[in-house]
Amino acid sequence: MESPLFLPTLAACRLLLAWVQLPVLDGLQLDHQLTSPLTSYFRLKEGLWLYHHGVDPYLGGVLKHSPLFLSLFSTVSPGRVAWALSDIVGAWALVRIWHSRQQLGQSRRDGLVGAAYLLNPYILLPSLASSTSTFENAVVLLTLMFAAEGRPSPALLALALSIHLSLSTSLLLVPVLMLLVTSPTSRLASPRPFGGSYWMVFKYASEFVVYWSVLVCAASIMAGGVWNWMHESWGASLILPDLTPNPGLWWYFFTEMFDHFRPFFLMVFSTHLAIYIMPVCIKFQHDALYAAFLLLGILGTFKPYLTLADPGLFLSMFAVFPEIYPYLRHAVVTALLHAHASLLLPLFHALWVIEGRGNANFYYAASLVMGVAGGAGIVDACFAGMRIAIGNGSEAERGKWEVVQQ
Amino acid sequence: MSLIPIASLSQGTYIDENALQPAQVNTYWNWQDVHRADQYLYHLEGLRDRNSTSEERAQFIRNELANLGLRAATQNYTFTASSGLLSGVNAYAIMASPRTPSSEAMVISATWRSEVGKEPYNLRGISIVLALAAFLKNYSLWAKDIIFVIGDGYLDGMQAWLNAYHGTIPPNLETSLLEYTSGVIWTALNIDYSGHSFSHLGVFFEGLNGRLPNQDLINSVRLISHYTGGVPFIVYDHLEPNDFPDRWQTTSILANAPDFIRQSPQLQDFEYRAKNIVRHINYQARGKPSGAHGLYHKFRIDAITLFAVPATGPHGFLALGRIVESALRTTNNLLERLHASFFFYLFTSPGTFMKIGKFLPSAVLVSAAMMISGLGDWVNAGWLHEAVTENDREEAAAGGPSSKIQGKKMVRWRMRRRPLLRPIFTVLGTHVMGLLAFNLMRSPIFVENHLAASLLLFGALTILPFVFASLPDRTPEVAPFSLLLKSFNLCLASIVISTTSLLNFSLAAILAITLAVPLMYSSCSRSSPPRIVSLAKYVTYSFLAWGWLFLRDEVKQAIWNWEVLGIWFAPFICIVYGPLVTQAGVVSLQP
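Taken in sequence, the protein lines are chains W and F.
Numbering that gives the first Met the number 0 numbers the first residue of the first sequence as 0 and each following residue consecutively.
Numbering that gives the first Met the number 0 numbers the first residue of the second sequence as 0 and each following residue consecutively.
The following block holds chain W by itself, in its conformation from the complex (with noise of 0.2 Å):
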């Protein structure tokens, strides 16, 4: 795992992977774990073709990409190959993001950050089910990496493509402002108060708007109107019009719930993921990297639409905060729990959908353990970062301090 040949030799196997043809692979593109109707591979080919034979693709409900998927696969054809390449760029942008948080050129851990990321089985499992979710992933972490290395104009381009394929990681636009103006190195040991300037994060913050404009004139463009694209890809992570099982909380929510209900509801969840942006800015304002960090836990856990691809790539990211490892209190219950959720989440599904004796509480209940493992982890990441601060001095010294409350 140290030698320098380890990441390109698994990045040569991942590439071989798309040449393979697995008998299980079949059955993945179907899996209500790996792709939600926003990320499903078979509604993207009908989109396209669709779009190919001069049907608006957004009219029937089916397509709820991004418009620019849709550019990028009219362009290069879909085939399994750019999702392993979308993989290992994905790995490279971790492996990066790694390297300016250490301040240093190569390092003895690069194997197991990368691999990290493309052995990640919540990773690579939605990837070879060919679910859009790997590209959206990919946007993230190259997003995090330019805020990383200090390159602000690819960064918010990054982001604002990321935030045109999934409007949820929306989240993460004031984290990567701050990051862009302060460094990445980590400081959670020491935390001191935001020192970056705020005429630069306002300077950003319009750089950011003009590349957003010009991508939705983009895909308007593209699409050949406005309203249709925006109202099914972002309207339908705002008002949920597909109740597809997934392993999230939001879908069993809104099909038990009265019509009536619906909009405070939706504007209840949807508030719900921005609240924590603030809190969590705020209080790790000294180390905005690790804020991204805990806004993506927050996604992976109560994001509308969520497959395993979300929790996934925090956990990926885990790779690169070594220095919180020691203060984690529950590590291995989280690892628990999340095995269990993900024996439980297709065991459940199939006793619901294929065998027909179980019914959707049963679903509902292995993806409550999902939950319960995604709060675990951000719990427990929050808890160590802060920690972290206080230190962990000698014994002697560790008495003179007096907990006054835990």
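Bear in mind the hints are in silico, worked out from the structure with no lab data behind them.
Check each hint, because a few of them may be wrong.
[Said to hold, decoys possible] Label pairs and their calculated CB-CB ranges:
(1) Ser-82(F) / Gln-101(W): 19 to 29 Å
(2) Ala-388(W) / Leu-435(F): 20 to 30 Å
(3) Asp-258(W) / Leu-550(F): 52 to 62 Å
(4) Leu-419(F) / Ala-204(W): 36 to 46 Å
(5) Met-277(W) / Lys-354(F): 44 to 54 Å
(6) His-52(W) / Glu-553(F): 55 to 65 Å
(7) Pro-418(F) / Leu-58(W): 53 to 63 Å
[Claimed, not checked] From chain F, some residues computed to sit far from chain W (all C-beta separations above 10 Å):
(8) Gln-10
(9) Arg-49
(10) Ala-95
(11) Thr-99
(12) Gly-166
(13) Ser-175
(14) Leu-482
(15) Glu-562
(16) Ile-574
Cβ coordinates follow ideal geometry from the N, Cα and C atoms, glycine included.
Since the structure of chain W is already known, use the hints to place chain F on it.
Chain F only, in chain W's frame:
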């Protein structure tokens, strides 16, 4: 777990779906239909005595069904399994419902062979299906199509027919799609009547991979059997103790006990219920269907086998025909799939069952205990327990909060590193090993020379784990490998038990016994035992994990079940159970 058979823990069965209305109709099946069944039986006996081929039999049945004016056809199939080819011919007919477009259907089936009774051929079962076909088409009250299927062989014919019907033909099955099809099948009754007459009607309900049919179906047939047919209804072919008090005394395991124990009704009842549950666990834990009805379950069809318990009397075609007719009328009433009653239950006696909430805790408690013990080991691995020497004592007395006084000796706990990668690789490695072993077992070489191959495989599986058990690292600053591995092993086993407990309780219960005991006691004692003892322990574990390789017939059957029927038991044992016990063996190998 041993409390499960207690009578007061079970509750009475009831019908939950209001549409069923069992035993509420007048039946029309009469002696002339019995006579027709007898005539079919005469022909079938002729076919059996002539040792006719599958082709001839199927052709005969098809012709008879076609003569009735039904759409009838035959289906040829060939299964390719690693143990050889298996082929046969099925016959089936579809009676279109007079009232609806053929969107829903129910099935009555019988297979050529019977495995429960003493007679090898299910001739009377087939005769009554044919006679029923002639009888049922005279009535216009059917709201669903009725499909009559005569499967060749015991399970294989039915499996081929069902796969062809649903268009899910696996690569190892060679057959064409069916000539005639109908709508979605909701319920199915499989009839097994191999004896001359019968005294009781037994129900078999376990399906593939431990799926059970909706309880409403069984309960309806029970009521119909009592009130319409006048036939006592039992589970499996287990007669109730008060059905034959004289013989019960001799077959009971309490036969040699003192009188007051032998004649205690509570104990007799307990033994009867325990017998039912053991039979149930035997089917369900292995994922084996208890009859041809079990194959339907894969396609979400609720199905049971009605077994006519062989006896010299008093019932025959008349009672069975009435029961089946009434049961079909009941399922004909359904407006939606059976969904109301229970899917997870244990039948302790025909009229009583246990809800999942009552029996699940017995397995989950074991799994929780393993989880807690695994987490305990994890915590222990993180701390080093050391006695403080005189010099350190003053320092410690200065007020380290983590030092405490035990007796007179000062004891201090120190944190130590827990390197994770090696245990993780061991766990992954053993499971990959299991996967490879499973694939090897399916190769033709293994099937041909079983003994030599299984000896080799067993040797390989015993020796390979030594790779993981390398030299112990003696530094006190690092947690011992074996403790970490044990903690992982226990947590994994606990997850496996708790997740299977809902899907297949019997399997979870068996695992709770076969995994909990060896895994909990795999640990290293404080004083390291001599090398030879730990080696012996390891070999014992190895036998526990892979010793079943030498059971030739069991292995062959399990592999066949996986290849043809898709039963998960063989891969589960190879990829999950074996490796888990091997990991425990590796733990015991470490000093």
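Going down the list of hints, with the structure as the test:
1. Ser-82(F) / Gln-101(W): 19 to 29 Å: violated, 58 Å
2. Ala-388(W) / Leu-435(F): 20 to 30 Å: violated, 49 Å
3. Asp-258(W) / Leu-550(F): 52 to 62 Å: For Asp-258(W) and Leu-550(F) the Cβ distance comes to about 60 Å; the hint holds.
4. Leu-419(F) / Ala-204(W): 36 to 46 Å: holds, 42 Å
5. Met-277(W) / Lys-354(F): 44 to 54 Å: Since the Cβ atoms of Met-277(W) and Lys-354(F) sit about 48 Å apart, the hinted range of 44 to 54 Å holds.
6. His-52(W) / Glu-553(F): 55 to 65 Å: At roughly 58 Å between Cβ atoms, Glu-553(F) and His-52(W) fall inside 55 to 65 Å, so the hint holds.
7. Pro-418(F) / Leu-58(W): 53 to 63 Å: With a Cβ separation near 57 Å, Pro-418(F) and Leu-58(W) satisfy 53 to 63 Å, so the hint holds.
8. Gln-10: holds, 20 Å
9. Arg-49: holds, 42 Å
10. Ala-95: The claim holds: Ala-95(F) sits with its nearest Cβ about 26 Å from chain W, beyond 10 Å.
11. Thr-99: With a cut-off of 10 Å, Thr-99(F) remains clear of chain W, as the shortest Cβ separation is near 22 Å.
12. Gly-166: Label holds. Min Cβ-Cβ 15 Å, cutoff 10 Å.
13. Ser-175: Given a closest Cβ separation of 22 Å, the condition holds.
14. Leu-482: holds, 13 Å
15. Glu-562: holds, 14 Å
16. Ile-574: The claim stands: Ile-574(F) keeps its Cβ more than 10 Å from every Cβ of chain W (closest is about 13 Å).
Against the hints set out earlier in the document, violations occur for numbers 1, 2.
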